[in-house]
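Taken in sequence, the protein lines are chains A and B.
Per the numbering used here, the first sequence runs over residues 74 to 396.
Per the numbering used here, the second sequence runs over residues -18 to 294.
Be aware that a few hints might be false.
[To be verified] Stretches of chain A that chain B covers, calculated by requiring three or more beta carbons in the stretch to come under 8 Å of a beta carbon on chain B:
#: 1; segment: 251 to 260
#: 2; segment: 320 to 327
[Claimed, not checked] DSBU-like cross-link-like pairs, simulated, lysine-lysine; straight-line CA separation at most 30 Å:
#: 3; chain 1: B; residue 1: Lys193; chain 2: B; residue 2: Lys183
#: 4; chain 1: A; residue 1: Lys327; chain 2: B; residue 2: Lys193
#: 5; chain 1: A; residue 1: Lys278; chain 2: B; residue 2: Lys32
[As the list claims (entries may be wrong)] Chain B regions said to be covered by chain A (calculated; three or more residues, Cβ under 8 Å):
#: 6; segment: 15 to 21
#: 7; segment: 31 to 37
#: 8; segment: 208 to 214
#: 9; segment: 242 to 251
Please keep in mind that the hints were generated in silico from the structure rather than gathered at the bench.
A virtual CB, placed ideally from N, CA and C, is assigned to each residue, including glycine.
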Amino acid sequence: MKKSLFFLSILFFLCTNNAFSFCMRDPFTGNVICPPEPPTPTPSIDRSLSPRETAPAPRSSGSSSRVSSGLSTSQQMQLMMIQGVLQPLLNSLFQPTFPNTYQGPSPEELKRMKEEQLKKEAQERLELLHRWQLVRQKSTNSVKDKNKNISSLLAVDVMPVPENKPLEIPSGTPFFNDATSVFGNLVMDKSIEKIEDIGKDVIDKLGEKYNKEWGSKLYEKGLPILKITATAATEGREAAGVETINFAVSLLSKPMSSLQMGVADLGRKIYAKVVFGALDYFLQETEKAGNILGFAFSKDKFMEDFENSLNTPQRIFYKWAKE
Amino acid sequence: MGKRINYCFKYKVIFLFFLNFFLAISAQAQKIEIVSKTFLILPEDSKIKIKWMIVPSKEELDNKKLQDNMQFCIDSRKKPIIAYDGKMLMNPITGSLIKINKPFKKMVCNEDGAILFSDNANLYYAEVDVSTKSVLPEATLKKIYEFPHIIADIYMGNESLFWVAYNESNRSYEVFLLNLENKSFQKVVTFNEKISALTGDKNTIFLASGRKVWEFSDGKFRFYYEHPREDIEELIYSQKTGLFYKTAHGIGCINNGHAIEFLQTEDSKVFLKEKSIFVFFAKRFGLIELTDIDDLKRYNFKIDKIIDVKKNI
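If we strip away everything but chain A, and leave its shape as in the complex, we get (with noise of 0.2 Å):
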């Protein structure tokens, strides 16, 4: 405790005499900075002092400091001897608590990282630059020739314009009598309308619909069918000669091969069963993955997850094909 009093004493002494000033390396830059020089007294000659004595003191390169010309030899010299002895001390007093011996990269060194840094960026961004254009020229031809596609199927020449007014559409429309009018509406004819899957009740029906007494018989192909002969004009018909045509009106069968009868058979199940097939299919893997690799997955779970992430519709129409 006296010790340090007796330094500061010392220190107190000095400093509010001037007699020396110290430098201080900055612990961040590591520049040395050292207060603003008192002007350097006018060089005089003490007559009275010998040519060896009148020399000035030695300055000190660094953080030394420099001495009052005013003292004497002896007071100089103890004076650089307690400078020498201060200064460990005082640098340490004033150097910060923790001092960071990282002195950091020298300016070249921080120049040069720089410059290193800024040509790295440079470099990633024209990589990044021609990957992008890669990527666009890709993009871009890809929809070229999307487009070149859909503009070659669609290729059309412009129309010459006609008039904007809209134009008058004829009145009194003629009333063609062909076979659509011929044959009528079979589908929403009244008579037939609940008969489904009996054809030949429906061929019957057809025939009290032209009152006609006529049967019907198994097609080859296990169709009720109706033969209707009717006389054709002869203007349009490209086969010259021909009077009459037959038309043949038939029920609609399904194939009937045995596997597609056990197809048929299934219904609506069918459509499921192709549709959801692979993706059961996808789920069952996974469900027998996730047993062996020891992560749980549930197939039943999912499938619940999934339809109630579907909207009304979306969840009719997925039971529909389902059930």
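Place chain B on chain A using the hints.
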């Protein structure tokens, strides 16, 4: 003695087995599955053949809204695509489902299988998003063209695409033809009645309003056909096969003002590709292909009268 009884028993068993077998075959032969309320009316000697692509189910889908929400076309690989509710595409043959990230109102396919979508504001094509992590694959709609104003509908013709917009100022329907070379539509005709169906090519446009069909070519309208009973819902045209129509209950071929409604059915969707016409039965989820449909051109003529209904064929 015991051996003889054993032989007799054995032969009886075999005989009974074959008897049962033949009876079963016979019973199966009698069990004919037909599609209810569906009739084919074809000239007897026509070249048209029937191919089932999807066997129709036995039960009917009794949900009209659901059926109405389905759209149908055939892609470039001759596979059916069914759009459901403007949000999902499905291929019932390959069993694939694709979600569309943006709702659309209409899907159209040209003869070569290019599928386009419209939400009445933009025209899109779909691109499958390979990076999706969801269970169902997703497709993104990519914009091709932005319509200058909200349109009424788009229609596919023979190598051409049309759209119709309602002009409130003169209360008429304006028909535009797409030119993808310079990504523009050219107004081709104005019609003063509501257009229910439209098709055609760069030279000729067929449009339907109510039960009537009109032909527009060389800057003039010509009355083309009138359906005797129902409104025309759809018109399909190709140079190879001619003009077809669809009503609520029938599909027919029109030529020179005469028509054959060769298929009568309910709730069908129809698509024309090359020389085949594909009919999707929405109610039963069945799909049929009628090949060589262009052969009907030979039979479109005026019928004077029915002279005979033959009892047997």
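Practice task
Please flag the earlier hints that this structure goes against, numbers listed from lowest up.
Solution key: Per hint list: single violation, 4.
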